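Just so you know, the protein sequences line up as chains A and B, in that order.
Following this note's numbering, the numbering of the first sequence begins with 63 at its first residue and continues without gaps.
Following this note's numbering, the numbering of the second sequence begins with 217 at its first residue and continues without gaps.
What the hints contain is simulated information worked out from the structure, not anything from laboratory work.
Hints are not guaranteed to be accurate.
Said to hold, decoys possible - Short, incomplete list of chain A residues facing chain B, as computed with Cβ under 7 Å:
hint : residue
1    : Glu74
2    : Met75
3    : Arg123
4    : Ala151
5    : Gln153
6    : Ile155
7    : Lys158
8    : Ile159
Claimed, not checked - Derived CB-CB ranges, DEER-like:
hint : chain 1 : residue 1 : chain 2 : residue 2 : range
9    : A       : Leu199    : B       : Glu354    : 36 to 44 Å
10   : B       : Arg307    : A       : Ile176    : 27 to 35 Å
11   : B       : Arg234    : A       : Leu266    : 47 to 55 Å
12   : B       : Gln442    : A       : Ile238    : 16 to 24 Å
13   : A       : Ile176    : B       : Phe450    : 54 to 62 Å
14   : A       : Val65     : B       : Glu259    : 27 to 35 Å
15   : A       : Leu204    : B       : Glu357    : 56 to 64 Å
16   : B       : Pro320    : A       : Gln105    : 48 to 56 Å
17   : A       : Ile176    : B       : Glu357    : 54 to 62 Å
18   : B       : Lys262    : A       : Arg314    : 17 to 25 Å
19   : A       : Asp254    : B       : Asn361    : 54 to 62 Å
20   : B       : Asn361    : A       : Asp154    : 53 to 61 Å
Keep in mind it's a predicted model, so treat the numbers as computed, not measured.
For each residue, glycine too, the CB sits at the ideal point set by N, CA and C.
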Amino acid sequence: MHVVKELWEYREMTANLVKRDLKSRYKGSVLGFFWMFLNPLLQLAVYTVVFSTIMKMGIDRFYLFMFVAFVPWLFFSTCLSSGTTVVFAQQDIVKKIYFPREVLPLAFTLSQFINMLLSFLVIFAVVAVSGVVINPLALLWLAPVMLVEFVLALGTTLLVSALSVYFRDMEHMMGILSMAWMYLTPVIYPVDMVPEQYQYLLYLNPMTSITVAYRDILYYATAPQAETLLHAAVCAGVVLAGGQAVFCRLKRHFAEEL
Amino acid sequence: MTGDKYAVEVSNITKKFRLYDDKGYTLKEKALHWGRNRYEYREVLKGISFQIKKGEAVGLIGQNGCGKSTVLKLLTKIMYPDSGTICVRGRVSSLLELGAGFHPDMSGRENIYINASILGLTKKEIDRRIDSIIAFSELEEFIDNPVRTYSSGMYMRLAFSVAVSVDADVLLIDEILAVGDVNFQAKCFRKLMEIKGAGTTIVIVSHSMDQVERICDRSFWIQDGQVKQVGSPFDVHRNYLDAMSMKRKQRSVDQAVSDDSQAKPDDAVSFVSAKLRNKGQSIESVFRLGEMLVLEIEMDSVQNIEEHSECGLIEINLVRADGLFCYGCAAPLHQAKPVRAKDSQQAEKMNIRLVYPHMNLLPGWYHFDLHIADKEGGTIYFGGNIAEFEIEADSPQRGLFYLEHEWTKG
Numbered sequence: 063m064h065v066v067k068e069l070w071e072y073r074e075m076t077a078n079l080v081k082r083d084l085k086s087r088y089k090g091s092v093l094g095f096f097w098m099f100l101n102p103l104l105q106l107a108v109y110t111v112v113f114s115t116i117m118k119m120g121i122d123r124f125y126l127f128m129f130v131a132f133v134p135w136l137f138f139s140t141c142l143s144s145g146t147t148v149v150f151a152q153q154d155i156v157k158k159i160y161f162p163r164e165v166l167p168l169a170f171t172l173s174q175f176i177n178m179l180l181s182f183l184v185i186f187a188v189v190a191v192s193g194v195v196i197n198p199l200a201l202l203w204l205a206p207v208m209l210v211e212f213v214l215a216l217g218t219t220l221l222v223s224a225l226s227v228y229f230r231d232m233e234h235m236m237g238i239l240s241m242a243w244m245y246l247t248p249v250i251y252p253v254d255m256v257p258e259q260y261q262y263l264l265y266l267n268p269m270t271s272i273t274v275a276y277r278d279i280l281y282y283a284t285a286p287q288a289e290t291l292l293h294a295a296v297c298a299g300v301v302l303a304g305g306q307a308v309f310c311r312l313k314r315h316f317a318e319e320l
Numbered sequence: 217m218t219g220d221k222y223a224v225e226v227s228n229i230t231k232k233f234r235l236y237d238d239k240g241y242t243l244k245e246k247a248l249h250w251g252r253n254r255y256e257y258r259e260v261l262k263g264i265s266f267q268i269k270k271g272e273a274v275g276l277i278g279q280n281g282c283g284k285s286t287v288l289k290l291l292t293k294i295m296y297p298d299s300g301t302i303c304v305r306g307r308v309s310s311l312l313e314l315g316a317g318f319h320p321d322m323s324g325r326e327n328i329y330i331n332a333s334i335l336g337l338t339k340k341e342i343d344r345r346i347d348s349i350i351a352f353s354e355l356e357e358f359i360d361n362p363v364r365t366y367s368s369g370m371y372m373r374l375a376f377s378v379a380v381s382v383d384a385d386v387l388l389i390d391e392i393l394a395v396g397d398v399n400f401q402a403k404c405f406r407k408l409m410e411i412k413g414a415g416t417t418i419v420i421v422s423h424s425m426d427q428v429e430r431i432c433d434r435s436f437w438i439q440d441g442q443v444k445q446v447g448s449p450f451d452v453h454r455n456y457l458d459a460m461s462m463k464r465k466q467r468s469v470d471q472a473v474s475d476d477s478q479a480k481p482d483d484a485v486s487f488v489s490a491k492l493r494n495k496g497q498s499i500e501s502v503f504r505l506g507e508m509l510v511l512e513i514e515m516d517s518v519q520n521i522e523e524h525s526e527c528g529l530i531e532i533n534l535v536r537a538d539g540l541f542c543y544g545c546a547a548p549l550h551q552a553k554p555v556r557a558k559d560s561q562q563a564e565k566m567n568i569r570l571v572y573p574h575m576n577l578l579p580g581w582y583h584f585d586l587h588i589a590d591k592e593g594g595t596i597y598f599g600g601n602i603a604e605f606e607i608e609a610d611s612p613q614r615g616l617f618y619l620e621h622e623w624t625k626g
């Protein structure tokens with residue numbers, strides 16, 4: 063509770079770090095802010111070419127099927143792999159100034175989250191073009207699903223950012239892990255493609271429920287099942303609590319280890 | 217209950233650091249050195265206790281590595297002690313690092329917001345201060361330019377302006393007062409005195425005794441992780457400087473034994489000895505304030521000294537034990553009236569006397585540096601610390617020199 067109160071006092075710092083991150087990311091490039099939209103669009107183009115013409119999946123409008131899951135996945139996987147560098151990259155201020163250390167992973171996750179929200183503008187455009195019926199009632203569910211994913215991503219960032227201060231290999235390990243994790247999540251394939259006896263294993267992965275929920279809303283235009291959502295929420299809560307517990311323990315010695 | 221009289225209470229804190237021979241961060245290294253990660257502990261703080269009253273300004277002095285910066289880091293909660301307790305009452309602001317989080321591509325104004333928010337200010341608080349921060353930094357014309365276009369002095373001015381704008385109850389400062397040009401330094405100093413006058417508790421880590429003496433009410437001398445002495449800056453610094461010069465003397469004695477005074481044969485001149493005499497012509501190393509001091513230097517001249525003595529310069533500098541340059545005077549060699557004694561063909565002896573009728577330096581340890589230059593200004597000979605002495609006085613005074621003065625009724 064103390065941490066929450068302190069984070070609130072330092073809200074301006076969090077906001078500024080997010081702003082700085084978003085502003086500086088595309089600074090100096092010719093297209094600037096447009097990359098934020100161009101990036102997911104180009105990735106979509108690649109996957110569409112690969113999975114609609116070469117590896118045919120036999121799924122109607124596969125580009126949309128994949129894209130609505132891929133953008134949220136990208137948010138999570140960036141937190142998992144690049145989240146490792148969050149504290150490390152700011153070692154100058156960590157070693158010299160006191161502030162609640164949680165600000166760093168929080169700001170990083172928020173900035174990635176905002177990035178995802180902007181990518182969703184592209185998703186909506188693609189949905190509109192593809193002619194899928196939009197179900198406004200289902201769309202209302204988007205907010206809680208995003209919130210749950212945010213909680214999960216924040217917990218993950220807390221965990222990996224703290225651990226990698228002590229253990230620098232995390233960065234490379236998480237890069238590989240996030241690649242493997244993507245194939246263990248139904249991002250480019252539907253859940254029912256997995257043999258039935260293994261499907262429960264798939265659901266051990268918290269990202270499975272979240273991916274399924276996104277796809278229900280945006281591809282199938284239905285409200286996600288309460289069961290799916292609840293499962294995702296519980297998983298996310300556990301990860302956040304665990305991540306914060308680890309971070310809290312490890313942050314005391316950040317200044318010495320860096 | 218000790219009450220809220222104290223802004224800072226530190227009791228019996230210890231802190232150890234792990235010193236790794238070669239720290240292994242990677243999986244391979246961790247696996248290879250599992251369980252036998254070679255490191256040793258270094259005790260930086262060995263049970264430090266002190267209290268600082270509200271509104272008091274305290275200076276922490278000591279040698280490099282004595283643990284004073286660690287104390288500051290513990291006070292700001294950047295680090296945590298291994299044992300003992302620290303209680304700091306009120307909002308803490310630390311000036312350990314200037315310009316934290318500055319982004320070169322962003323404007324000065326944007327960076328003020330970022331930097332101030334890292335120091336814990338909310339947007340509203342920054343909005344209220346922004347004009348005074350910009351005014352203090354004197355960067356009005358450049359404030360909307362990206363910071364990368366700033367000179368390093370401008371950069372530091374901006375950073376300092378933000379740092380001092382934080383209204384804290386306890387302000388912690390680490391060696392950062394040498395910012396910008398002379399005018400700006402004076403301004404920073406006035407600002408600090410203003411902050412102090414407003415009742416802020418200040419803790420300063422500094423190697424500059426002058427700064428500490430001017431700002432602080434008390435000094436803590438920290439040595440080997442313990443508080444060695446607490447008291448008025450005047451007393452503590454004197455003892456500290458004495459101890460430092462004793463240490464240096466010890467070291468130079470050790471060195472002299474080891475390197476056997478290398479007098480290169482091709483040196484045009486070489487220094488033989490220096491003596492200090494008082495008014496009564498007896499050799500001394502302790503003088504009273506205002507007393508006469510005579511420096512006698514004896515030198516060997518290998519080459520024909522006439523060449524140099526016509527146009528060469530002899531320069532005598534007075535340096536305080538902490539390295540502060542106090543006074544220097546120079547004279548053409550021939551004017552310094554070297555007394556020659558031709559006892560052999562090669563070596564010519566040269567005796568030089570410098571008389572200070574009133575040595576008005578304030579109490580402390582001082583030494584002389586000798587510098588002999590040729591007509592182009594190139595160094596022929598440099599001798600550091602050729603003679604050392606101590607000044608004593610009864611009544612405490614502050615500063616560097618004694619100035620004749622008189623107190624009268626107006």
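Hints, one by one, checked against the model:
1. Glu74: 4 Å, holds
2. Met75: 4 Å, holds
3. Arg123: Check failed: Cβ of A:Arg123 comes no nearer than 41 Å to chain B, outside 7 Å.
4. Ala151: At about 12 Å, which exceeds the 7 Å cut-off, the nearest Cβ of chain B leaves the hint on A:Ala151 violated.
5. Gln153: 11 Å, violated
6. Ile155: 4 Å, holds
7. Lys158: With Cβ-Cβ at 3 Å, under 7 Å, it holds.
8. Ile159: Status holds, d = 5 Å.
9. A:Leu199 to B:Glu354: 36 to 44 Å: 60 Å Cβ-Cβ, so the 36 to 44 Å window is violated.
10. B:Arg307 to A:Ile176: 27 to 35 Å: Once the Cβ atoms are compared, 31 Å apart, the range 27 to 35 Å for A:Ile176 and B:Arg307 holds.
11. B:Arg234 to A:Leu266: 47 to 55 Å: Since B:Arg234 and A:Leu266 have Cβ atoms about 38 Å apart, the given range 47 to 55 Å is violated.
12. B:Gln442 to A:Ile238: 16 to 24 Å: At roughly 49 Å between Cβ atoms, A:Ile238 and B:Gln442 fall outside 16 to 24 Å, so the hint is violated.
13. A:Ile176 to B:Phe450: 54 to 62 Å: Distance hint for A:Ile176, B:Phe450 holds at roughly 57 Å.
14. A:Val65 to B:Glu259: 27 to 35 Å: 31 Å, holds
15. A:Leu204 to B:Glu357: 56 to 64 Å: 48 Å, violated
16. B:Pro320 to A:Gln105: 48 to 56 Å: Violated, at about 30 Å.
17. A:Ile176 to B:Glu357: 54 to 62 Å: Since A:Ile176 and B:Glu357 have Cβ atoms about 34 Å apart, the given range 54 to 62 Å is violated.
18. B:Lys262 to A:Arg314: 17 to 25 Å: The hinted range 17 to 25 Å holds for B:Lys262 and A:Arg314, with Cβ atoms some 20 Å apart.
19. A:Asp254 to B:Asn361: 54 to 62 Å: 59 Å, holds
20. B:Asn361 to A:Asp154: 53 to 61 Å: 23 Å, violated
Violation of the numbered hints given earlier is confined to hints 3, 4, 5, 9, 11, 12, 15, 16, 17 and 20; the remaining hints are satisfied by the structure.
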